[in-house]
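These protein sequences, in sequence, are chains A and P.
Heads up: the first sequence is residues 0 to 431, going by numbering that gives the first Met the number 0.
Heads up: the second sequence is residues 0 to 431, going by numbering that gives the first Met the number 0.
For the record, the hints were derived by calculation from the structure and aren't laboratory data.
Some hints here could point you the wrong way.
Since copy identity is lost for identical chains, a pair holds within one copy or between any two.
Claimed, not checked - Straight-line distance between alpha carbons at most 25 Å, and here's what the computed DMTMM-like set of lysine to aspartate or glutamate pairs gives:
1) K119 <-> E401
2) K22 <-> D253
3) K268 <-> E168
4) K268 <-> E179
5) K268 <-> D237
6) K219 <-> D27
Being a predicted model, the structure only gives us computed values, none of them experimental.
There are 2 protein chains.
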Amino acid sequence: MKPVNVGICGLGTVGAGTFNVLKRNIDDIDRRAGRPVRITHVGARRDNPDCDLEGIQVSRDIFEVVKDPDVHIIVELIGGTTVSKELVLAAIKAGKDVVTANKALIAEFGNEIFAAAEQKGVVVAYEAAVAGGIPIIKAIREGLVANQISGLAGIINGTGNYILSEMREKGRAFDDVLAEAQALGYAEADPTFDVAGTDAAHKLTILAANAFGIPLQFDKVYTEGIAEMTQEDVQYADELGYRIKHLGIARRTDHGVEMRVHPTLIPNKRLIANVDGVMNAVLVFGDAVGPTMYYGQGAGAEATASAVIADIVDIARDIDSPGLVPHLGFSVETKDLNVLTSEEITTAYYLRISVKDEVGQMARIADTLSQFGINMEAIIQKEAPDDTPLVPLILLTQPVSEKAMNSAITAIESLPSVTERVVRIRLERLDS
Amino acid sequence: MKPVNVGICGLGTVGAGTFNVLKRNIDDIDRRAGRPVRITHVGARRDNPDCDLEGIQVSRDIFEVVKDPDVHIIVELIGGTTVSKELVLAAIKAGKDVVTANKALIAEFGNEIFAAAEQKGVVVAYEAAVAGGIPIIKAIREGLVANQISGLAGIINGTGNYILSEMREKGRAFDDVLAEAQALGYAEADPTFDVAGTDAAHKLTILAANAFGIPLQFDKVYTEGIAEMTQEDVQYADELGYRIKHLGIARRTDHGVEMRVHPTLIPNKRLIANVDGVMNAVLVFGDAVGPTMYYGQGAGAEATASAVIADIVDIARDIDSPGLVPHLGFSVETKDLNVLTSEEITTAYYLRISVKDEVGQMARIADTLSQFGINMEAIIQKEAPDDTPLVPLILLTQPVSEKAMNSAITAIESLPSVTERVVRIRLERLDS
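Make the full structure from the sequences, and use the hints.
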């Protein structure tokens, strides 16, 4: 069989991982692909000492790889959204198939990129953009194709999950774990992407588009980070039988689609509640299959390379006929699904209210909540810690619209006995 | 786009599920497939009241469906391995693509069937044959294609997992739970397939072939059922921090490939140890991606239909060019991988030895084990229960060949202080 020539652009962590895994397992990969898969051209500003580039054409200008007429597949691993976008569009224009691991690029510019690719009849594959080595895009777009997907929930940022896991298991403080994660190289030096939820929002955007057949709409994802998580809330959640996870949630409701990233209490008996450390997992609900879950490493050079190479082989196996798996799972987009604003979203809540230790305060708060139609599921009232006259009151509510909850919290915060901000964390049962 | 016409043979539980899910979700499925997917012909000995067959050609002789020149894809859902085999071979001969959910057929006759299909250039797809709605064949054959797979372990029989879960969670006896599972319709009236491990062995055969690129070799799977599991062992395992699961395990070693199905102690902190009830899960170890796990319903009409329809859509998306994903993942089989006999397999063990309550017995047993090169990891010695003079002695060993363990157990059982059979259950850490 005719070989497939691959050009790799970018030889950083993931580029080197892809290069080395392909080299190490090339015999099996060729047998699986049904034809030889060859890296013939690498574009990188500098060599990477981890990669033996002997016998391979190397260009300092990555656009030289796109111009190489012998290269069939351009693998974009340079990151960012400026040069990478230019590169991917140039590759499409040159009629080449593209593989990328770039979640920001796909989440923010995917609609434009896919339109260009469809016009040219080429494939842009991006399995590695979501949840690293877990074949979640393939699962949703192909494996669950029979299903109306009602929702999904994912632990899709390893650094955030590592921090929350350490806080719970070892009682450590947020800042302490974050500093360690940075030292270990899990978190970026600027941790905003991980901790503020931007990275998870990029991935959620891509998952939701594939699950529901809607365009990529990164700007409509409601995003909250984990920087305000305290040891106190982690422990109270535990007492109530819940874990706090930073989840990306997409859900189809009668009123529209929800897309949100935020810390979430989930029952500790759910399998996904037990996904700890840097591991990722995505739980998907289909009307025929029920719940399915996909678990694995969401980052790392070789885990990401695993997904990049899977895309390369998918293309290689089908090189003679254009790929017929639509870029976002559906050949015709459902453009009429409205995306809900955060105020329109209904969830249950965990509330922690610090109240002056006076008679009747509990009743007054319960009364305030019920004025806004909010019912309680569980209550813990603790004694005041030694150093403060404030009693922590922990409430779990039934599902309520965020709008009602906002109003209720404003009302509670204006009570004379409540002098501190109310802490609220969303709660999902994840049973459907 | 030209529609794809589907003929369904068999209208039992899975046949009806497939029919109904296709009908319910047809708009989305067509949009995902990029062309209309139509059931045009059903072959079934009798109608199923759950299916509205109006407007569809119905034949009492399923071979009429194969003869229908307008049908592109034959879906075999009649079960068994005689007529189903004949049907599938006839469909291949007629140049039709085939989808089947039949694990026994694929595990026992897959090599012959795939050879015929490859000669004819047609596809035989069987995602539904393993772990119901979980897209595990796709994950291994496509999603993890970059990896050298070192092993996998799966909970691949829902009935067995339900029984073991109930025994642990509610302290119920094996026979009691089995009777209930039969009443609930989880287990077959003749539960041999589930309880003796045959069903799991069929699925393991298929998983191992795809993971390692070896032919299907059902007759080489070492298979032990769960009928001898006692409440005692479930509880002792729990005390030691382990769960007992009925696992299908395939592993690639330097000496050959292991394929085995048996009750297994696994550390309770592993995610797969927490897969309870009728749910299935498959844990796969790849050299690039590390561990990944796939979880969902392993049986049931609609969960199985989900996988059947995924196969149909895969074929529909690629109908104009023959499928290039090899039937067992590799275009050339690795025929030189030896399959190990059970005596050659090395694992750790849980042993329960009932010993007469006399001085020096513990030392004598430890001495016997060490004569066979067996080291201990943990010991529990209990007081004798009221109604017997025998003390239960629980040991966890380090990994040892089964041959050595067989000899050691023979020696222990010949000690005068040991009057009962030694209970042994294999133990796997599942950390790689």
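Okay, the hints, checked on the actual structure:
Proximity of K119 and E401 under a CA criterion of 25 Å is satisfied in neither setting, with 44 Å inside one chain copy and 59 Å between copies. For the identical chains of this complex, K22 and D253 are inter-copy neighbours only, at 21 Å across copies versus 49 Å inside a copy, given an alpha-carbon limit of 25 Å. Proximity of K268 to E168 under the C-alpha cut-off of 25 Å is found in both arrangements, the shortest distances being 16 Å within a copy and 13 Å between copies. Taking identical chains as interchangeable, the C-alpha atoms of K268 and E179 lie at most 25 Å apart only when they sit on different chains, with a minimum of 24 Å there against 29 Å within one chain.
Taking the shortest alpha-carbon separations for K268 and D237, both the intra-copy value of 11 Å and the inter-copy value of 17 Å come in at or below 25 Å. In the homo-oligomer, the alpha carbons of K219 and D27 lie at most 25 Å apart only across protomers (24 Å), although the nearest pairing inside one protomer, at 42 Å, exceeds that limit.
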